[in-house]
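Per the working numbering, the sequence shown starts with residue 29, numbered consecutively.
Be a bit skeptical, because a hint or two may be false.
Computed cross-link-like contacts, DSSO-like style, restricted to lysine-lysine with a CA-CA straight-line distance of at most 30 angstroms [what the hints assert, rightly or not]:
hint, residue 1, residue 2
1, 120, 195
2, 131, 100
3, 120, 106
4, 195, 127
5, 322, 237
6, 131, 120
7, 348, 322
8, 245, 357
9, 100, 120
10, 106, 131
11, 322, 245
12, 245, 348
13, 357, 322
14, 237, 348
15, 195, 131
16, 195, 106
17, 106, 127
18, 237, 195
19, 106, 237
20, 100, 127
To be clear, the hints were calculated from the coordinates, so they are not data collected in a lab.
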Amino acid sequence: MTSRRFISAALGIAAVLMIAPRAESTPPRISDLSDATRLSERDRDEIRESVEYWCARLGSAQADEVDAAQSKLVEPLKAVRVGQIFRLEYSKALVPRLKEVIKGADPHAAVNGMQIAGLLGTPNALEIITDHAGIEDEQRFAIRLWAANAFPLAVRQRVLPENDINKALRRFGQAATQEDNWLVLRRQFEAVASVNNRVSRDVQVNVLKAIADRMEKETGPSELMQATYPALVLLRNRFLELRAADQESVGTELAPVLCDLCTVANMHWDSAQADADASSSYRGTVRVSENLLKLIDARVRPRQSGPRTELGPAWIDRDKDRFEADHDKWRQVLTGPPYNKR
Numbered sequence: 029m030t031s032r033r034f035i036s037a038a039l040g041i042a043a044v045l046m047i048a049p050r051a052e053s054t055p056p057r058i059s060d061l062s063d064a065t066r067l068s069e070r071d072r073d074e075i076r077e078s079v080e081y082w083c084a085r086l087g088s089a090q091a092d093e094v095d096a097a098q099s100k101l102v103e104p105l106k107a108v109r110v111g112q113i114f115r116l117e118y119s120k121a122l123v124p125r126l127k128e129v130i131k132g133a134d135p136h137a138a139v140n141g142m143q144i145a146g147l148l149g150t151p152n153a154l155e156i157i158t159d160h161a162g163i164e165d166e167q168r169f170a171i172r173l174w175a176a177n178a179f180p181l182a183v184r185q186r187v188l189p190e191n192d193i194n195k196a197l198r199r200f201g202q203a204a205t206q207e208d209n210w211l212v213l214r215r216q217f218e219a220v221a222s223v224n225n226r227v228s229r230d231v232q233v234n235v236l237k238a239i240a241d242r243m244e245k246e247t248g249p250s251e252l253m254q255a256t257y258p259a260l261v262l263l264r265n266r267f268l269e270l271r272a273a274d275q276e277s278v279g280t281e282l283a284p285v286l287c288d289l290c291t292v293a294n295m296h297w298d299s300a301q302a303d304a305d306a307s308s309s310y311r312g313t314v315r316v317s318e319n320l321l322k323l324i325d326a327r328v329r330p331r332q333s334g335p336r337t338e339l340g341p342a343w344i345d346r347d348k349d350r351f352e353a354d355h356d357k358w359r360q361v362l363t364g365p366p367y368n369k370r
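Could you build the full structure based on these sequences and the hints that come with them?
Below you can see the structure in the form of structure tokens.
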């Protein structure tokens with residue numbers, strides 16, 4: 029009897045020792061599956077096992093463990109070649125867990141999760157990104173910021189259908205019109221401008237119009253101008269790459285918005301001139317707006333001479349009378365065809 033009890037106890041201890049290392053061991057490395065042309069059921073099990081293990085640690089309270097988990101989760105996505113079969117299967121397993129991490133209370137883990145979603149670049153990963161794009165759905169500015177950063181990254185994976193990209197562009201445009209943090213707004217502008225198509229250009233113009241309207245209601249200076257200036261630079265660079273016909277089409281919609289931005293500068297003149305940081309962003313906005321107005325008008329009304337203005341120098345010289353006179357010249361031009369569509 030004693031011998032039987034001893035044997036049973038020994039077997040029990042052995043079983044525990046066999047199970048314990050497996051429970052604590054890391055999951056199989058799945059990077060070798062990244063370029064697979066087909067996945068077996070065992071491969072899928074290993075993908076799920078790896079995702080479960082590292083996502084559990086991604087939601088950890090320990091910063092170093094979060095960073096290590098993030099590194100492991102993006103490792104298969106940084107392979108020389110990542111096939112669509114693997115990416116979609118990985119996304120299927122990973123996205124539901126990323127959603128929970130990003131919704132969680134740890135902002136560090138949420139930011140890491142958003143970065144992974146961008147590298148994943150699948151339609152269901154894009155849903156995570158857009159679900160946290162705007163202030164109405166996401167109160168944490170850092171997560172909104174990283175949602176905007178993740179969108180261009182997702183597009184660069186070249187997996188997303190065009191309709192999904194355009195839908196996301198409109199979502200980021202809507203978010204930008206309501207954003208109150210200038211740095212997040214800047215990143216949202218950059219996210220939209222990262223795609224070079226008609227929808228992106230339309231969204232950029234509409235956002236600039238909405239931001240100009242918002243700034244006109246402020247006493248000034250507006251922090252939103254710190255996002256508006258670099259946004260204008262991005263839009264100008266895209267405008268210069270367009271064909272002549274597209275420049276004319278975009279220009280007729282954009283020119284009144286540029287004049288509105290100069291209106292904001294005129295309304296906020298004293299307060300913006302008195303603030304060194306504000307003065308710099310206002311000056312840049314005025315300068316780019318005026319230069320674009322001249323380019324657009326030459327394209328849209330090639331047989332008519334546009335007004336000769338120096339809004340930029342007037343701002344630098346703090347010559348408000350000259351600024352108002354030149355601004356009025358543009359307002360008069362924009363009340364006539366083909367600009368007077370509004």
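How the hints compare with the structure:
Of the pairs offered as hints, the one joining residue 120 and residue 195 holds, with about 21 angstroms between alpha carbons and a cut-off of 30 angstroms not exceeded. The hinted pair formed by residue 131 and residue 100 meets the criterion: a straight-line CA distance of about 21 angstroms does not exceed 30 angstroms. Restraint check for residue 120 and residue 106: the C-alpha separation of about 18 angstroms stays at or below 30 angstroms, so the hint holds. Proximity of residue 195 to residue 127 is assessed by CA-CA distance (about 20 angstroms); at most 30 angstroms being required, the pair is judged to hold.
For the hint pairing residue 322 with residue 237, the CA-to-CA distance comes to about 19 angstroms; that is within 30 angstroms, so the pair holds. About 18 angstroms separates the Cα atoms of residue 131 and residue 120, which keeps this hinted pair within 30 angstroms; it holds. For the proposed pair residue 348 and residue 322, the alpha carbon gap of about 20 angstroms is at most 30 angstroms, so the pair holds. Restraint check for residue 245 and residue 357: satisfied, since their Cα atoms lie roughly 23 angstroms apart, inside the 30 angstroms limit.
This hinted pair checks out: residue 100 and residue 120 have alpha carbons roughly 17 angstroms apart, not beyond 30 angstroms. Restraint check: the Cα-Cα separation between residue 106 and residue 131 comes to about 25 angstroms, which is no more than 30 angstroms; the hinted pair holds. Under the criterion of a C-alpha separation no larger than 30 angstroms, the hint pairing residue 322 with residue 245 is consistent with the structure, at around 27 angstroms. Restraint check for residue 245 and residue 348: satisfied, since their Cα atoms lie roughly 20 angstroms apart, inside the 30 angstroms limit.
For the suggested pair residue 357 and residue 322, the alpha carbons sit about 12 angstroms apart, so the restraint of at most 30 angstroms is met. With a CA separation close to 24 angstroms, the supplied pair residue 237 and residue 348 stays within the 30 angstroms bound. As the CA atoms of residue 195 and residue 131 are separated by approximately 22 angstroms, the hinted pair is consistent with the 30 angstroms bound. Restraint check for residue 195 and residue 106: satisfied, since their Cα atoms lie roughly 27 angstroms apart, inside the 30 angstroms limit.
Among the hinted pairs, residue 106 with residue 127 is consistent with the structure: their alpha-carbon atoms are about 21 angstroms apart, no more than 30 angstroms. Between residue 237 and residue 195, the direct Cα distance comes to roughly 20 angstroms. Compliance with the 30 angstroms bound is thereby established for this hinted pair. This hinted pair does not check out: residue 106 and residue 237 have alpha carbons roughly 39 angstroms apart, beyond 30 angstroms. With a C-alpha separation of about 18 angstroms, the suggested pair residue 100 and residue 127 falls inside the 30 angstroms cut-off, and the hint holds.
Hint violations for this structure: number 19 only, all remaining hints satisfied.
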